[in-house]
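Visitor: Next come the chains, spelled out residue by residue.
Protein chains: 2
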Amino acid sequence: MSGALYVIGTGPGNPEQMTPEARAAVDASTLFFGYAPYLDRLDLRPGQERHASDNREELARARAALDAALEGKTVCMVSGGDPGVFAMAAAVCEAIDADTARFGGVPLTIVPGISAMMAAAARLGAPLGNDFCAISLSDNLKPWNVIETRLRAAAGAGFAMAFYNPVSKARPWQLGKTFNILRETLPNSIPVVFARAVGRPDETIRTVPLSDAQPEMADMATCILIGNGYTRVIARDGQPDLVYTPRFVPEAGNG
Amino acid sequence: MSGALYVIGTGPGNPEQMTPEARAAVDASTLFFGYAPYLDRLDLRPGQERHASDNREELARARAALDAALEGKTVCMVSGGDPGVFAMAAAVCEAIDADTARFGGVPLTIVPGISAMMAAAARLGAPLGNDFCAISLSDNLKPWNVIETRLRAAAGAGFAMAFYNPVSKARPWQLGKTFNILRETLPNSIPVVFARAVGRPDETIRTVPLSDAQPEMADMATCILIGNGYTRVIARDGQPDLVYTPRFVPEAGNG
Chain A
23 MSGALYVIGT GPGNPEQMTP EARAAVDAST LFFGYAPYLD RLDLRPGQER HASDNREELA
83 RARAALDAAL EGKTVCMVSG GDPGVFAMAA AVCEAIDADT ARFGGVPLTI VPGISAMMAA
143 AARLGAPLGN DFCAISLSDN LKPWNVIETR LRAAAGAGFA MAFYNPVSKA RPWQLGKTFN
203 ILRETLPNSI PVVFARAVGR PDETIRTVPL SDAQPEMADM ATCILIGNGY TRVIARDGQP
263 DLVYTPRFVP EAGNG
Chain B
23 MSGALYVIGT GPGNPEQMTP EARAAVDAST LFFGYAPYLD RLDLRPGQER HASDNREELA
83 RARAALDAAL EGKTVCMVSG GDPGVFAMAA AVCEAIDADT ARFGGVPLTI VPGISAMMAA
143 AARLGAPLGN DFCAISLSDN LKPWNVIETR LRAAAGAGFA MAFYNPVSKA RPWQLGKTFN
203 ILRETLPNSI PVVFARAVGR PDETIRTVPL SDAQPEMADM ATCILIGNGY TRVIARDGQP
263 DLVYTPRFVP EAGNG
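As given, the protein sequences belong to chains A and B, one line each in that order.
Just so you know, we're using our numbering here: the first sequence kicks off at 23 and counts up by one.
Just so you know, we're using our numbering here: the second sequence kicks off at 23 and counts up by one.
It should be emphasised that the hints constitute simulated quantities derived from the structure, not laboratory data.
Check before you lean on any hint, since a few could be wrong.
Since the list gives no way to pick one copy over another, a pair counts as held whenever it fits inside one copy or between any two copies.
Keeping only pairs whose Cα atoms sit at most 25 Å apart, straight-line, the calculated SDA-like set for lysine to any residue is [claimed, not checked]:
1. Lys191 <-> Phe270
2. Lys199 <-> Gly178
3. Lys95 <-> Asp259
4. Lys191 <-> Met242
5. Lys95 <-> Ala257
6. Lys95 <-> Gln261
7. Lys199 <-> Pro68
8. Lys95 <-> Ile203
9. Lys191 <-> Ala120
Isolated chain A, as found in the complex (with noise of 0.2 Å):
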């Protein structure tokens, strides 16, 4: 067998984000998998074939990346951001383990990416620059009272937060419901970050304190920062707000 699979991560979409490593990977493969936004991101060359999907169906589409490697292909896997978070790279190592027998040989090499929270946070300043965790708010996979679980326990410890898959057309309502967890817990002041196609040319980023954060400011495309009791936000002269989390949390203090 001399095919080869690797997953990689596109960035959040600006070019100028995408590793050498990741460029290199996609330089030396001949089939692509992916959703069709992520793959639309690379400039293939003629030879180098597409095999588009949707959003959905990644186990299917894990699959059949690892049985074109086993035909001997070079094939592409294109996550946005970073495989590694709520992306592809879960989704070909359940693959690879539902069926070790055949797919365990495949030589894999995941490529890391930057993911939509780090490029997010960015922009801002450093909302996450203290402990914070990442939560994707679908309930597709896990069932809803294990994100409420999650919600309850990372605000209550003062981690700051990223969310993921944070609404969809399937998913109405989840994303209300986790501001009115959030609001039991923190205080209203709270900096919420609405942060949307980060690094592309329709990027939009709007900070709210938690008490007015609204559900219809996010869609498919947006990642959502959750600052912790310490965030601050800092009005500057001539520049956008800054947004960070320091790095100190004072005794008897839990952010």
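Dock chain B against chain A, hints included.
Guide: Just chain B now, kept in the frame of chain A:
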């Protein structure tokens, strides 16, 4: 004022993981601040000046960089990994916040990078493939009881975890205590990954069950990843073991 300050991340050390955006910031700058080993990762031209410092005194370093930008210089503050994850972006924001009248007008651009936990996760498979948190185990800037609260909250709610700053000469007992706290809640079989110097020539990666995790397995250059209750270790034919956390959580489970 014509000066500017870039705050960049080099990624964990593999030059192929440094983004074109970060390289462009390096090219545009004439004065560089940062921890010496991070500055060593850059190929500076004659005339590009280094102000190397040790790995403490971040706030003084941030002020010096902002002052140089005020004097009209194009300045680059260099972090390893991502500047927004336990690195210099928060220190620069703190320095601005403490003297907004002086520093608020400095043009500031933060350039994200590949964080150590993402590069480590990519080497393994997808250990952070579900909800996770990032925790600095250093109690230099926050009380140890806050760290304990966050560890217990994360373990109890089924987050995977990434630990930064796990040990130092001045913090000899904190990592052992951390493993003991996790053992109160988590199964002994949960995989613990010690990922040292990821992407650098001296990279070493070791995965052990929580029952066997020892503080001596880590040093200052180690990022530690902790699975949740569903994280799997998959032996493969002729390939290194895969470690991944499934995207799904069963009903009634909290991982």
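Visitor: Please go over all the hints and tell whether each is borne out by the structure.
Guide: Quick rundown of the hints versus the structure:
no. : hint              : result
1   : Lys191 <-> Phe270 : between (40 Å within a copy, 20 Å between copies)
2   : Lys199 <-> Gly178 : both (17 Å within a copy, 21 Å between copies)
3   : Lys95 <-> Asp259  : between (55 Å within a copy, 19 Å between copies)
4   : Lys191 <-> Met242 : within (9 Å within a copy, 45 Å between copies)
5   : Lys95 <-> Ala257  : between (53 Å within a copy, 23 Å between copies)
6   : Lys95 <-> Gln261  : between (50 Å within a copy, 18 Å between copies)
7   : Lys199 <-> Pro68  : neither (48 Å within a copy, 56 Å between copies)
8   : Lys95 <-> Ile203  : neither (48 Å within a copy, 46 Å between copies)
9   : Lys191 <-> Ala120 : neither (30 Å within a copy, 44 Å between copies)
In terms of the numbered hints stated before, the structure departs from hints 7, 8 and 9, listed from lowest to highest.
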